[in-house]
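Given next are the chains, with one letter for each unit.
Protein chains: 2
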Amino acid sequence: MSRWEPNARGRLEQAALALYGERGYERVTVAEIAARAGLTERTFFRHYADKREVLFDGTNRLQQTLTGAVADAPADQTPIELVRTALTAVGELFEAGERREPARQRQAVIDKNPELQERELVKLARLGTALTDALHGHGVPAPAASLAAQVGIAVFRVTFPRWLDDPHRRPFPDLIRAGFDELRAMTC
Amino acid sequence: MSRWEPNARGRLEQAALALYGERGYERVTVAEIAARAGLTERTFFRHYADKREVLFDGTNRLQQTLTGAVADAPADQTPIELVRTALTAVGELFEAGERREPARQRQAVIDKNPELQERELVKLARLGTALTDALHGHGVPAPAASLAAQVGIAVFRVTFPRWLDDPHRRPFPDLIRAGFDELRAMTC
Numbered sequence: 391m392s393r394w395e396p397n398a399r400g401r402l403e404q405a406a407l408a409l410y411g412e413r414g415y416e417r418v419t420v421a422e423i424a425a426r427a428g429l430t431e432r433t434f435f436r437h438y439a440d441k442r443e444v445l446f447d448g449t450n451r452l453q454q455t456l457t458g459a460v461a462d463a464p465a466d467q468t469p470i471e472l473v474r475t476a477l478t479a480v481g482e483l484f485e486a487g488e489r490r491e492p493a494r495q496r497q498a499v500i501d502k503n504p505e506l507q508e509r510e511l512v513k514l515a516r517l518g519t520a521l522t523d524a525l526h527g528h529g530v531p532a533p534a535a536s537l538a539a540q541v542g543i544a545v546f547r548v549t550f551p552r553w554l555d556d557p558h559r560r561p562f563p564d565l566i567r568a569g570f571d572e573l574r575a576m577t578c
Numbered sequence: 391m392s393r394w395e396p397n398a399r400g401r402l403e404q405a406a407l408a409l410y411g412e413r414g415y416e417r418v419t420v421a422e423i424a425a426r427a428g429l430t431e432r433t434f435f436r437h438y439a440d441k442r443e444v445l446f447d448g449t450n451r452l453q454q455t456l457t458g459a460v461a462d463a464p465a466d467q468t469p470i471e472l473v474r475t476a477l478t479a480v481g482e483l484f485e486a487g488e489r490r491e492p493a494r495q496r497q498a499v500i501d502k503n504p505e506l507q508e509r510e511l512v513k514l515a516r517l518g519t520a521l522t523d524a525l526h527g528h529g530v531p532a533p534a535a536s537l538a539a540q541v542g543i544a545v546f547r548v549t550f551p552r553w554l555d556d557p558h559r560r561p562f563p564d565l566i567r568a569g570f571d572e573l574r575a576m577t578c
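Chains as they are written, first to last, in the working numbering: chain R, 391 to 578; chain D, 391 to 578.
Same shape as in the complex, but just chain R:
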């Protein structure tokens, strides 16, 4: 099998999300995903370690975006501004990749499977730790870094489902800004 496979990765993700939604994550095999995508199992395994990884392979890029945005931020930003900058960068990544629809399909799969929900919690906890470390590396003292990062994760957790279901289809960065505005109105 040596023919060129344009956008194999994207086609595999699309096929997997469709099948998970139709038949339930547990019941779908890698062979079926590959067949739906018009590709071989071997091609699948060149892109993903297993069928779960299709749902979680974006985590590293998400983490790099978060921490990279903090590292590149102006030195005079406050801890909460740094967190907002980082989450806005993630939002721009989502929008640039047109991730709303696949993210919605993915969330519906995760909502039906407790093991995937645990995996998602672990992912969020890791992002929180990475964000704390990035803030600390940018000169924020440890206690403030930890609180700002956890508050950022809180805003992210609230914003994400709003983005998925927003009837006005507002971009993620706009909803992040609205979330921080609400936070300020709530605490001040």
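Quick caveat, the hints were computed from the structure, so don't treat them as lab data. Treat the hints with care, since some could be wrong.
[Claimed, not checked] 20 Å max Cα-Cα, derived DMTMM-like pairs, lysine to aspartate or glutamate:
1. R:441 to R:523
2. D:513 to R:523
3. D:513 to R:505
4. D:513 to R:510
5. D:502 to D:488
6. D:502 to D:572
7. D:502 to D:491
8. R:513 to D:508
9. D:513 to D:412
10. R:513 to R:447
11. R:502 to R:416
12. R:513 to R:523
13. R:513 to D:443
14. D:513 to D:443
15. D:441 to D:523
16. D:502 to R:508
17. R:502 to R:555
18. D:502 to D:416
19. R:513 to D:510
20. D:513 to R:501
21. R:502 to D:488
22. D:441 to D:501
23. D:502 to D:443
24. R:441 to R:422
25. D:502 to D:555
26. R:441 to R:431
27. R:441 to R:466
28. R:513 to D:555
[Unchecked claim] Covered by chain D, according to a simulated footprint, are these stretches of chain R (three or more residues, beta-carbon under 8 Å):
29. 463 to 470
30. 535 to 544
Each residue gets a CB set at the ideal place from its N, CA and C atoms; glycine is no exception.
Chain D: place on chain R using the hints.
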């Protein structure tokens, strides 16, 4: 075996935490915990379903305390005040039960075991959902309830390790108050 067993539950917890710390959670058996406590395995299973439950049986009480405090709070409290009231009530529970030392031992066990860490994340996520529901039940609109609850969980996550390691042994409610003061200073 019909003799009276004073404070069997507390003795079992103490024995379990000591053994988990000395030998590693994975390597300790229920028989060993019971023997260390001077009790039978049968008594162990009257109190705990398994050795993991010794570490997580406080979750229900924690949740009841959180949600009960919200339900009983004055109607004029803002969402963030309600969350602070709820976390203060949890702090008072910890102090009344003299939980700092067992909580520190428990945390050391959890920090060494990824499966227990996942369990802890699931626990925190459930507390967040319960807090959201309690706020909503107290009249807070859904979007604000969700954000306030997640921010409360963020403050709790930051405060908990501070309480465990506080050199001045300040009470949990004082550290919660300090956490909300930091949050305000950070966001306003």
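| task | Sort out which numbered hints this structure fails and list those numbers smallest first. | result | As far as the earlier hints go, 1, 2, 5, 6, 9, 13, 15, 21, 27, 28 are violated by this structure, in ascending order.
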